[in-house]
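Using the sequences and the accompanying hints, generate a full structural model.
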Amino acid sequence: MVIPLFKQACIRLSPWSPQVAIARLKAVIWLLALTPLLRLLALGLTDGLGANPVEFIERSTGTWALVFLLLSLSVSPLRAWTQQAWLMAVRRLLGLWMFAFACLHVTSYLWLDYQFFWPDIVADISKHPYVLVGAAAWLLSMPLAATSNQRAIRALKKRWKTLHLLAYLIAVLGLLHFWWLVKKDVTEPVLYSLLFAGLMLPRFAGWFRDYRKSQ
Amino acid sequence: MLLDNNRRNPSAILPSEITPQAVFEQRREVLKLAGAAAASALTGLSLPAQAATAGSLSFAKTAYGKEETLTSLQDVTSYNNYYEFGTGKEDPAREAVLFKPTPWTINIEGAVKQAKSISIEQLLKLAPLEERIYRMRCVEGWSMVIPWIGLPLKALIDWAQPTGNAKYIEFISYNDPRHMPGARIPVLDWPYIEGLRMDEAMQPLTLLAVGLYGQVLPNQNGAPVRLVVPWKYGFKGAKAISTIRFVEKMPNTTWMKASPREYGFYANVNPQVDHPRWTQSSEKRIGAGLFAGRVKTKLFNGYDEVAGLYAGMDLKKFF
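Just so you know, the sequences run in chain order E and V.
Quick note, this note's numbering runs 55 ahead of the 1-based positions in the first sequence.
Quick note, this note's numbering runs 477 ahead of the 1-based positions in the second sequence.
Keep in mind that the hints were calculated from the coordinates and are not lab data.
From the three backbone atoms N, C-alpha and C, an ideal C-beta is built for every residue, glycine too.
One or more hints might be untrue.
To be verified - Straight-line distance between alpha carbons at most 25 Å, and here's what the computed SDA-like set of lysine to any residue pairs gives: (1) E/212 <-> E/162; (2) E/238 <-> V/577; (3) V/773 <-> E/172; (4) E/238 <-> V/538; (5) E/238 <-> V/618; (6) E/238 <-> V/729; (7) V/538 <-> V/618; (8) V/566 <-> E/184; (9) E/182 <-> V/749; (10) V/734 <-> E/172; (11) V/794 <-> E/166; (12) V/775 <-> E/176; (13) V/773 <-> E/180; (14) V/793 <-> V/738; (15) E/182 <-> V/751; (16) V/566 <-> E/132; (17) V/773 <-> E/62; (18) E/238 <-> V/772; (19) V/577 <-> V/712; (20) V/566 <-> E/162; (21) E/62 <-> E/131; (22) V/775 <-> E/183; (23) V/734 <-> E/132; (24) E/182 <-> V/794; (25) V/734 <-> V/751.
What the hints assert, rightly or not - Stretches of chain E that chain V covers, calculated by requiring three or more beta carbons in the stretch to come under 8 Å of a beta carbon on chain V: (26) 73 to 87; (27) 161 to 174.
Unchecked claim - Some chain V residues close to chain E (C-beta under 8 Å, calculated; not the full set): (28) 596; (29) 763; (30) 767.
Okay, here's the thing in structure tokens:
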């Protein structure tokens, strides 16, 4: 239902030149990213973050990091499916917003939750697997953010693509972080995992085709 | 029954099921009166605006926790773990609005002289109601300070007359999928079961709470009657208790069944025994603000007087 509608929307954009289409889609992405941030700010200033404001901010920034990661992973299947090559131009922006939300998530954990009290932080990360995989996902996203520019792409050549395969590992670790965090109600992790599986399906199909061809 | 919107076929309400309005209103009064009759020192308390729907209780103030800073009524009644009304912290306040905690009886069964039941009105007459300010530490690493109103569980145990075979007490919470949306989902093995060892149950700190902040217990906090064991993690505090069973063997409680590796029978607050997921060495105090940081968690949540109950026990093994 949503996917055919989106496909239609993408194709409708085609009368515009790719430059205009890219600019408009980027504006939408900025809007999508700034809305939750402004909402958190507004709620924070009006005492609207509920009984446990730190948990609220951690949950919100963590969830949005996951959403932007899944959005960035949806670009290449969408491009293949809609035949709109210009879509690739927004992938970096989506990935960088994922990194921005992940940084806010980690900052709220280190600062708001633990007040940069390192003995407790080290104990928490080393003792609790869900914190550990979350920390690993964030650390692994650093080199991706650092190499998300033309100069790095040119310098790394083929290795850039290999390096950016880490996005899949980051997604797996991020989802694991979510699964292990919830106490009993796994509705949300299931939902995001299914979305991730849906995005990986065309990739696995492609890799399988390449493998068959190479045989 | 008038407010029951979960019923599939509204026309199936029998006339006999409909509570006359006079009786319905009377029930709220009964709680107030019973409380008033029971308390020796009557203390009037003005109620915050949110509490307008619930009745007020009369009770004696006590010295318990009088030095503590209270968590606000708003936070105490809007941030709840009560899975029968949903797994989100804000769900119970919203979903429990139509729940009717009156009339109510608690069944007493198992190793007792005679199985019987007690109404909430009778329960309130067993001992004078007291206000006790207790710290509550959740296993998830947050804590509150709540002015409970209730009576020692010991008063009910004495009334129940358990036999020599009663080594443990099992608390069974009310379970009604029709009125409890969370109970329709098998997220836990319903009904919710909790338990205490007999000596823990008799400990003077162990409270049957029927109110908080001077008012009748709000639905989302476990109305009409819940268990409060301040030196244990919050999940030990069974809500909306419908059956109390005296047993010889350690009850298999709901969270133990859900994840035996994570939740033990004793569930004593202990900064030395870490949970597989949450830090137990420190806690977040609800309502302290965005930049307040964490406070150190104390053994037995700071209630050192219970230490004798566990003398010689390996608390890492019996967590």
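Cross-check of the supplied hints:
1. E/212 <-> E/162: violated, 33 Å
2. E/238 <-> V/577: violated, 28 Å
3. V/773 <-> E/172: holds, 12 Å
4. E/238 <-> V/538: violated, 37 Å
5. E/238 <-> V/618: holds, 13 Å
6. E/238 <-> V/729: At roughly 19 Å apart (the allowed maximum being 25 Å), residue 729 of chain V and residue 238 of chain E satisfy the hint.
7. V/538 <-> V/618: Between residue 538 of chain V and residue 618 of chain V the Cα gap is close to 29 Å, so the pair fails against 25 Å, i.e. violated.
8. V/566 <-> E/184: Roughly 24 Å separates the two Cα atoms, so the pair holds.
9. E/182 <-> V/749: Between residue 182 of chain E and residue 749 of chain V the Cα gap is close to 13 Å, so the pair holds against 25 Å.
10. V/734 <-> E/172: With a Cα-Cα distance of about 35 Å, the restraint between residue 734 of chain V and residue 172 of chain E is violated, given a limit of 25 Å.
11. V/794 <-> E/166: Measuring from Cα to Cα gives roughly 34 Å; hence the hint is violated.
12. V/775 <-> E/176: holds, 19 Å
13. V/773 <-> E/180: holds, 18 Å
14. V/793 <-> V/738: holds, 12 Å
15. E/182 <-> V/751: holds, 8 Å
16. V/566 <-> E/132: Given that 25 Å is the threshold and the Cα spacing comes to 37 Å, the pair is violated.
17. V/773 <-> E/62: Measuring from Cα to Cα gives roughly 54 Å; hence the hint is violated.
18. E/238 <-> V/772: Satisfied, since the Cα-Cα distance of roughly 23 Å is no more than 25 Å.
19. V/577 <-> V/712: holds, 22 Å
20. V/566 <-> E/162: This hinted pair holds, its Cα atoms lying about 24 Å apart.
21. E/62 <-> E/131: holds, 13 Å
22. V/775 <-> E/183: holds, 20 Å
23. V/734 <-> E/132: violated, 43 Å
24. E/182 <-> V/794: At roughly 18 Å apart (the allowed maximum being 25 Å), residue 794 of chain V and residue 182 of chain E satisfy the hint.
25. V/734 <-> V/751: This hinted pair holds, its Cα atoms lying about 19 Å apart.
26. 73 to 87: Per the Cβ count (0), the hint is violated.
27. 161 to 174: holds (count 5)
28. 596: Violated, because the Cβ-Cβ distance from residue 596 of chain V to chain E comes to roughly 33 Å (cut-off 8 Å).
29. 763: Check passed: Cβ of residue 763 of chain V comes within 5 Å of chain E, closer than 8 Å.
30. 767: Holds. Min distance 5 Å.
When held up to the earlier numbered hints, the structure conflicts with 1, 2, 4, 7, 10, 11, 16, 17, 23, 26 and 28 and fits the remainder.
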